[in-house]
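Mind the numbering: the sequence shown is residues 713 to 846 in my numbering, read in order.
Derived by calculation from the structure, the hints in this document are not laboratory data.
We put the beta carbon where it would ideally sit given N, CA and C, even for glycine.
Treat the hints with care, since some could be wrong.
Claimed, not checked - In silico DSSO-like links for lysine-lysine, alpha-carbon gap of 30 angstroms or less:
| # | residue 1 | residue 2 |
| --- | --- | --- |
| 1 | K774 | K732 |
| 2 | K774 | K814 |
| 3 | K814 | K785 |
| 4 | K816 | K844 |
| 5 | K716 | K733 |
| 6 | K785 | K801 |
| 7 | K732 | K716 |
Said to hold, decoys possible - Simulated restraints on C-beta separations:
| # | residue 1 | residue 2 | range |
| --- | --- | --- | --- |
| 8 | G838 | E775 | 20 to 30 angstroms |
| 9 | E824 | Q780 | 17 to 27 angstroms |
| 10 | F782 | T749 | 54 to 64 angstroms |
| 11 | K801 | A747 | 28 to 38 angstroms |
| 12 | K798 | A747 | 16 to 26 angstroms |
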Amino acid sequence: MAPKRTSTSAAPAMTQAAIKKLVADSVSAALEAQAATMVNTDNTNMNTGEREAPVARKYSYKEFMSCQPFNFKGTEGVVGLIRWFKRTKSVFSRSNCTEDCKVKFAAGTLTEEALSWWNSFAQPIGIEEAYKIT
Numbered sequence: 713m714a715p716k717r718t719s720t721s722a723a724p725a726m727t728q729a730a731i732k733k734l735v736a737d738s739v740s741a742a743l744e745a746q747a748a749t750m751v752n753t754d755n756t757n758m759n760t761g762e763r764e765a766p767v768a769r770k771y772s773y774k775e776f777m778s779c780q781p782f783n784f785k786g787t788e789g790v791v792g793l794i795r796w797f798k799r800t801k802s803v804f805s806r807s808n809c810t811e812d813c814k815v816k817f818a819a820g821t822l823t824e825e826a827l828s829w830w831n832s833f834a835q836p837i838g839i840e841e842a843y844k845i846t
């Protein structure tokens, strides 16, 4: 087995102040180097230009239905109606439904007596006007 090496010279001990200065100098140098690199390159992550507003896309009935809204028959009474309102409002919120689609999509969940009521409401004024109600 090889003999273990031992050092005959003692390494000078560093003080806390010396260590802090060494760290601060290293961090400063790294930040300066990074800043120089950012200036000298075309970095698209710098966000220096104006940001474009995202283009709103048209919300689809398929997306609305994928959130599984409740159907409303019109025979569930007041409690059923309140539950339908809350569930439909929740689906609108989760799916970011636009205002101009809410009535149209909610009307698509009506069945039986509720659908008959909707049709009798919409028929005299026209379906497009009925969709504009709030």
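A quick look at each hint next to the structure:
1. K774 with K732: violated (61 angstroms)
2. K774 with K814: Since the Cα atoms of K774 and K814 sit roughly 13 angstroms apart, the hinted pair holds (cutoff 30 angstroms).
3. K814 with K785: holds (18 angstroms)
4. K816 with K844: holds (9 angstroms)
5. K716 with K733: violated (35 angstroms)
6. K785 with K801: holds (17 angstroms)
7. K732 with K716: Given that 30 angstroms is the threshold and the Cα spacing comes to 34 angstroms, the pair is violated.
8. G838 with E775: 20 to 30 angstroms: holds (26 angstroms)
9. E824 with Q780: 17 to 27 angstroms: holds (19 angstroms)
10. F782 with T749: 54 to 64 angstroms: Because 56 angstroms falls inside the window, the suggested range holds.
11. K801 with A747: 28 to 38 angstroms: Hint violated: Cβ distance 50 angstroms, outside 28 to 38 angstroms.
12. K798 with A747: 16 to 26 angstroms: violated (53 angstroms)
When the structure is compared with the earlier hints, violations turn up for hints 1, 5, 7, 11 and 12 and for no others.
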